[in-house]
Structures are given as C-alpha cells and as structure tokens.
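My request is simple: use the sequences and hints to build the entire structure.
Protein sequences appear in the order of chains A and B.
Under this note's numbering, the first residue of the first sequence carries the number 54, and numbering increases by one thereafter.
Under this note's numbering, the first residue of the second sequence carries the number 54, and numbering increases by one thereafter.
Just so you know, these hints were derived from the structure itself, not from any lab.
Where hints are given, some of them may not hold.
Identical chains blur together in the list; that is why a pair holds if it fits in one copy or across any two.
[Said to hold, decoys possible] Capping the alpha-carbon separation at 27 Å, the derived lysine-lysine pairs in DSS-like fashion look like this:
id, residue 1, residue 2
1, LYS210, LYS90
2, LYS210, LYS194
3, LYS132, LYS248
4, LYS261, LYS136
5, LYS210, LYS222
6, LYS418, LYS158
It should be emphasised that the depicted structure is a prediction, and the values quoted were computed from it without experimental measurement.
Protein chains: 2
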Amino acid sequence: MKAEIISIGDELLLGQVVDTNSAWLGQLLFKNNIEVKSKTCISDTEEDIIHQLEESLKRSQLIILTGGLGPTKDDITKKTLAKFFNTGWRIDQGVVQQLELFFEKRSRKMLEINVMQAELPESCLTLYNEWGTAPGMWFEKEGAVIISLPGVPYEMKRIFELKALPLIKEKFSQSPLYYKTMVTFNIPESLLALKIKEVEESLPPTIKLAYLPNLNVVRLRLTGASSHDGSIVDEIEIYANKIKEIIKEGVIAENDLTFPEIVSQLLIKHHYTLSIAESCTGGFISQQLTQLSGASQFFVGSVVSYSNSVKHHQLGVESILFETVGAVSEPVVEQMANGVRERLQTDFSIAVSGIAGPGGGSEEKPVGTVVIGVSSAQKTIVQTFHFIGDRSNVIGRSSNMALAMLRELVLSN
Amino acid sequence: MKAEIISIGDELLLGQVVDTNSAWLGQLLFKNNIEVKSKTCISDTEEDIIHQLEESLKRSQLIILTGGLGPTKDDITKKTLAKFFNTGWRIDQGVVQQLELFFEKRSRKMLEINVMQAELPESCLTLYNEWGTAPGMWFEKEGAVIISLPGVPYEMKRIFELKALPLIKEKFSQSPLYYKTMVTFNIPESLLALKIKEVEESLPPTIKLAYLPNLNVVRLRLTGASSHDGSIVDEIEIYANKIKEIIKEGVIAENDLTFPEIVSQLLIKHHYTLSIAESCTGGFISQQLTQLSGASQFFVGSVVSYSNSVKHHQLGVESILFETVGAVSEPVVEQMANGVRERLQTDFSIAVSGIAGPGGGSEEKPVGTVVIGVSSAQKTIVQTFHFIGDRSNVIGRSSNMALAMLRELVLSN
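Following this line, the structure appears as structure tokens:
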C-alpha cells in the first residue's frame, strides 16, 4: 500500500513556513507500517490541486492533503475537492455547533466567513475539529482514501491522530512494523558506516538499516515488517546486538529518543536535580530540557550569564579571571559549573562558555571554541572543544556535547 | 520561468528529519524573483529520481535537487544523474584537494568512501563544497538547469548561495520582485481579513496579498514584479499605507522581521539592556533572542527560575507569596520582573510564570494560564493571559506576548 502527502500553500513554497506537518505525518504513518512514498508541496490553485490529485491517485491508496482550508484561504481545497468528486454541498450541524462553542469559549464574535466553514461537500465524512474552525474531510474513491486537513499544525495533528488514524487502521489493516533505533554520539557517519560495514552487508533483504545524522548524533534504525511468528523481532535484535558490540559506548540509547529525552529520563530515574549556567548557548540547553513536559521533576533552574557581570554576581566567578584567562576558559567554566550547582542547590550542573559566532572570534580562540563543564559535589569535568559550523550549529553541538558529558558523569556517579 | 525543488531521502519521507532546506531555498529564490512552483520529496531510489526528473523537466527550467549525496547514501543522486544525462566519469582534482584539506583540518583520516566523492559525472560543472565532503553539481539540458546539492543544511546553503545563485542569476535574468511585509500582532486571521477586505478587493491583478499566520502573529505580504519605471514600488506602498490606516498599532513592523528581531533592533537602537526571568517558558525567550548574532549588545542575562526556591533566592521573590497567591500570580511575576532587573542591573526586564501543560493545571488556574510582566525603573506592567494550545503553543504565544509588551513599554519610555 502506498501513501502520500500533499501540502497546499504558497507560504510553504515560498519558504515563509517550514512544513513540519508532513514530517510529523510521515513519522506517525511509518509507526503504523504505512510508508509515505512521496510528499509534494503545491500552490493553492484549483489547477495544481486537481493535477496533483490525478497523479497521486494513479499510484497511491492513501492521500493526505494539508492546508488550503480556512477563512482567508477562500477554502480552495474544499471547493476543489467538491468539484473533483463531483458532489454538492451540505451544512454540517455538528460543525455549526462546534463553531459556536469555539467562539463562545474565546469570547469572540463568529464572523460570516467562519459560518461558511460548516458548509461541506456532500459526499465527505466530516472529521470534526474540536481545536479550531476548519473541519477535516474524508473522501473515498475506487478503494482509495483522500483526507483533507487544515494546515495549522496543532489542529492538523489532533484531527489526524484522533479522528482519521483510527479509520485508516480499520480500512487498511497493515501487519505491524518492527523497528529498533540506536542513538550514536560523536562518531562521524562515514566512520560509522565503515565500522559496521560487515554487519550491514550481512543483513537479510527483510531488514533495512537507515542512517539518520543530525549534528554530532547519528541514529541507526533497523526496520522489518512483522511475520506471523514474530521472528523478525528476534532477528532485528540479533543484528542490533552485533552493531552494539562494535560501537560499544558510542551507542548512547537503544530507543528513538532525543538527547534531552535521554538525559531527562536518566535524571528522573535517579531522582537527581540539575542546574545550568549558560553563556554562548543563551538558554538553548534549558529550553531543550523544559520543552519536555515533566521537566520540573529534575530541572531546578538556570542562569543565562551572557555578560561577565552576571557570571561574577550570580555565579560567583572571580572577576580577575576575565582579565587573565578570559570568559571562554576552563577556569571560568569550572567556577560557573560549581557556582550554579551550589547556589541553586542541585545534585548536578552544566556550564557552557564559548564563541558561537559569527563575530567574537580571535586567533587564539576562533569561532567555534566552546568550553563545557559538568559537575557534581564529588567531581567537576571541564573540556575545551572546537566545533565547526554556523552559529546555530555551534550552539546545537555544544548542547549535545554538554548533555553527553552530563550523562557520563551521572552514569559514573 | 518555473523553478522546483526535489528533496531526496527516506529520512524526510519518514519524518525523521524536517525538510528545512526547501523552505530556505524557496525564500531565497522568491527574493530573486524566481518562484518555486512545486516541491517534491521522494525516496532515494534510481527509479523515483529518474521519474521525478522527467516529470519536472516537462514544466520547469530550474530544478534543484538536495540530498542523496554523501558516503553512506551510496551517492545515489550522483549515480542516477550520470545515468540520466548519459555521461561518463571524471576525477575532479579540485575536489581531491579540498577533501585532503578538509580532513587535515579536522585531524581525521580520509577514508576510501570519501575519496570516491571526487569522482563526478563528466558533463557537470562542479559547485565546490568548502564546508563538507560532497560537492554540488550543475547540469544543463535543453535550456533547463539541474542543480544537485548535498542535504546537510549548513553545506547546502553555502554552496547554493555562493556558488549556484550567481550562475542562476546570470543564466536567467529576472526582473526584480518588489515585496513589502507588515507584521501584525494579536489580531486573528479571519478578523484581519474582514478588516482589510475592501483594500484586498481593490488590489490590481499585478499585486498579490498573502496572509502568513504563526501563533499570535500574522504577516501580510504585498508582492509585485517590478516594471521598468518603478511604479510598482509606489503602488505597493499606497496599498500598504491603506492597510496600516486600518490596522493601526496592530502593525508592529513594516518589514519581514521575526518578533525577536523586532525587539532586538529596538533595544540596540536605543542602547537599552535587557534581563529576563523565565519560569514556564524555561529559557525559550532567552534562546530566541540569543540565537541572533549581536545579542550581547543588549542581552545581559536571564534567570530560568523553574523552582520556587530559585525564584526566592536568585530573584528575591518573597516566599510567603507561593503559599498565599501561588507562583503563577501577578504579585510573584511583578517581583520576578523587578528582581531580575535590579540584580542583573538592566534598563528593562521581562518575567513570565505560567502553566504550559499538559500537567499542572487546576480549576482556578487551568493549563494556558500565563502571567507576564515587563518592567523598567519607572514602570512595571503585569498581565494575566489564557493561551490556547499545547505546551509548545503556550510557550511560543507567551514569548511573543512578552516581547510585544516589552516593545510597548520601550516605545512609551
């Protein structure tokens, strides 16, 4: 069975909005063993939508459209679908009621253009939107399913997961997919490929290996469709173990977690608390950890000490160090790490000071120079790194490295 | 002239990686008056790449492929392009030299699979990659240009901007595009559309209006291709003024800036300094401001006070308040705002405390309740909001609202 995603909207083509919807859909469908074979982004015109629908219906049984719904979009997707499926219009009273409730809750007056959102193509099944104003639609044609969803990520995700996915599962019963992800850290992709070349070449055709690199992390994913006797599960486990034997401590997690998730889970498990002193990362590490719900179980707080004055007054770094060794130095980071841990009274701490660029570099300390420290009451480890890449790369790599060092320290505790 | 982008890679289809490349390319091409008419994401197989190239060449004169290059991808794009253009192979000595330099700089040994990256299709022009190992390629066929770039954003962006774009401009001389963006805040899209309906309907066919909503911000963009006498510039200005007259202070910027950029520029212009006390936003506002280079010109530091103990010890919030009114309350946020401003010695400050969810809500203070304060030595303004959406929505809306309140306070200073 083939699935594909069509994203509608000039704002996507012009890059004003990054299409995170299709990535989210691809991931969720993959986990349900429905592989997305192509994703297309087109302009919100009737001509382009119809052309793409015709093309897609030739090859796919599940087509998910996002966007082109909503008041100011002139509901182009809805109108085009009604035309494409050659159907009339109906007023959906369920949608009318939901719209009334939606505006009442927000103490806003419902506008004429909002009322029109309850008018839907006759032949579609309504996928009710309890989170916004544009309902989703489910059409069927010659065994294929065409789903239209609003483009707002928050609404799209909820409608898809709660309203559409159960119907999809019912319609297309797929044998479950088994996959195992291993997260590796600080091993370049090409070196990783060389190391596990033999295992990779010995994989049976039923098992696939994918490399998913991002900054200094490479995810290795083994995938196979389940057979009835469940042997694929054991088989994937065998190859995963072979890879682990080669990569050893380079594998930092054996499931599909992000770096902040790995560290959060570890700290929560041991009931440890954490504080952070961030300079060049400017709050990025704190934000990465606190975007996960439940962060308050381990995260106490941070000091983003951009200026030296804050490093001195809020973290207790000796002022003389800024003149003698400079703010980006191991002695300063050591004091930042200990200062934040002692003042915020936590079990562990992270401290980072560096030059993220593009300005601020010198011959001695070029852009990308980052000093990272982690500390506990027993031990403080400080190390200097030279990261390659632009500002956001340096910040991202620093964050991953700091979390990796913290993980090591916690594990050795 | 039509342009399109083809992104290659299963990691994109499966949603393991969000395709930010095509958004970036779309934006840059748009600014150069080359409109991207479609974006497609396909699997890294020869069959899919060739099928898509054939389709794309029927309708487009500029085709940009990203991804499917690099050691572990088996260089599928390169091999497929050589086959598609029916060309032999050559070793590019420039690439060999660059690879040697690349590995020398990183003190890493060059591997056999890296050396193979210097082997390129005979008929392509090399777009040298000074930032990574996979070179870009430029092909021409029957007046159309096909460009292949590596998928790593950092490398792709630099090769495209510095190596490919100058050649594109030379090959396809486009009349420049004129566009004007107005950033509006806190006006729902449907209400905005209603307010400016008459102006929108009066637009000549040469000028287009686009709505680009994101959280509580809607960008309005007027676009027109330049005529030789430059009249389009004046004409767009006339309609922009008409919109401004209607929306008034709802327009917070008249160029295509993000909220953090707007506030950063304002603070830098007036030589003001800023500190932040973040609770539920967990470092997000600090990170938004410090991801922009030059943030040190105004940003002094932050205290991410997740626990009440940090609010008390680092910001001076009276402990009794946590029991009487609770951490998410106007008295606490007022003390956070003044505390961080006084302790970090800045002109202005922001403070945020709230319930981002999904847990932590109560009947009295449901998820989405956020108290925001901004302060200067003269004035402190604190307000309670009820934001709708999931955790990341509540954090994002809180950040925008806090920056909007700060902007107001700075402007009224």
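Hint check:
1. LYS210 <-> LYS90: both (20 Å within a copy, 26 Å between copies)
2. LYS210 <-> LYS194: Intra 24 Å, inter 42 Å, cutoff 27 Å: intra-copy only.
3. LYS132 <-> LYS248: Between. Shortest inter-copy distance 24 Å satisfies the 27 Å Cα cut-off; intra-copy 54 Å does not.
4. LYS261 <-> LYS136: between (42 Å within a copy, 25 Å between copies)
5. LYS210 <-> LYS222: within (16 Å within a copy, 40 Å between copies)
6. LYS418 <-> LYS158: between (55 Å within a copy, 16 Å between copies)
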